[in-house]
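Peer 1: Based on the provided sequences and hints, a complete structural model is requested.
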Amino acid sequence: MKNPTLFIRKIWQQDNHVFSIEWNDGVIQNFRLCDLQRECPCAACVDEGTGKRIKDPKSVPEDLKAISICNVGRYGLRIRFTSGCSMGIYHIDKLREGGQCIIN
Amino acid sequence: MPLPMFSTKVASEPQSFGKIDAIVGVAAGKGGVGKSSVVVNLAHALRKKGYQVGIMDTDIYGPSIRKMLPEEQMPFQKGAHIYPALCQGIKMISMAYFRQENEATAVRAPIANGLITQFIQNVQWGDLDFLLVDFPPGTGDVQLTLSQKAQLTGAVMVTTPQEISLLDVRKAISLFNQVKVPIIGIVENMSYYQPTEDVEPVFIFGKGGGERLAKESGTPLLAKIPLDPHIGTCGDCGESLYAHDSKGERLVTRTFEHLANRLVEEIQLLKAERKEGVGSFELVWKEMSP
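If you read the protein sequences in the order shown, they are chains A and B. Following the numbering used here, the residues of the first sequence are numbered contiguously, the last one being 104. Following the numbering used here, the residues of the second sequence are numbered contiguously, the last one being 394.
To be clear, the hints were calculated from the coordinates, so they are not data collected in a lab. Some hints could be false.
Straight-line Cα separation of at most 30 Å, DSS-like style, residue types lysine-lysine; simulated pairs [to be verified]:
{"no.": "1", "chain 1": "A", "residue 1": "65", "chain 2": "B", "residue 2": "253"}
{"no.": "2", "chain 1": "A", "residue 1": "94", "chain 2": "B", "residue 2": "375"}
{"no.": "3", "chain 1": "B", "residue 1": "379", "chain 2": "B", "residue 2": "153"}
Peer 2: Structural data, given as structure tokens:
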């Protein structure tokens, strides 16, 4: 058991469909909104009992946008998508694993 | 006479007028280790050092702090804003103000969460150096709500020396690790009994549990608080330890002062590490030209 040390240093909108995070260790990652919506963990997107995805990932448009992104405590992000989905909490550990790293 | 229950209307945005330098959760994952006693006496020790202190008693079902820290001024409400009670120089909010002493708060989790959310968003604390949040036992709804909404600077874990206590405190640490709330350190309560300082301490509840937990979690052992009947007597009478020990000569009083010093040091270190963090934010999406 160690103290959690991962945190967000900066977050910003890259374009209409992508945002970026700079982590406290200097790594910068891009996140495409449509990819995150396809992985949304909320109860409307995933059956809590079976773990199966309720919404077909193919139904998520590539040009999906957001209304806003805010923090959930110190551990997650909540994204309000233009699709109406807004209840999923994206844990920062999972975001860090799945983000596309930018190599400068 | 208890206050009437507030309406369930939560302020649409956090309305706290004032700045709170550090919000510290005091938790254990279990009951009976003395969290509330630690919170009250730590608050007194911080006040003695000149800090402005508030207490949020979030144990909706068993709020005990009001007994240990009776008010000179009851809390009151103006519109959606709640002004905390004033208790020996410490501001406080607790479910105890809204119930008769022997009346149970028989509510399910959604209402309990709503009450906690009101405590977090509607209470006007003013400027504080420390807001101590007395967590209820467990690792469920209320603890998650606090972790999501209370903007905790960190958490102090209270344990007693026995392994049976560590079993549950480890679970609470696991929760805080999952929700990225830093563990400030460990407090081992009821650590030993030493009637006078010239005799050997007796380890009634075993020895070393707090140290083991501190090593496992990679966090400091902040203090080992002795068993002292004075804590129970003062708690039952609603008095500070300093009421009968104004110079802080008793071992237990000095231990709480040491704990207060360690808390201040560790929070300064934590803040120095975290000052680069983005903190609480909302990124509003804008239309950008391609």
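Peer 1: Evaluate each hint against the coordinates.
Peer 2: We went through each hint and held it up to the structure:
1. A:65 x B:253: 26 Å, holds
2. A:94 x B:375: With Cα atoms ~25 Å apart, residue 94 of chain A and residue 375 of chain B stay inside 30 Å; holds.
3. B:379 x B:153: Holds. Residue 379 of chain B to residue 153 of chain B sits at ~25 Å (cutoff 30 Å).
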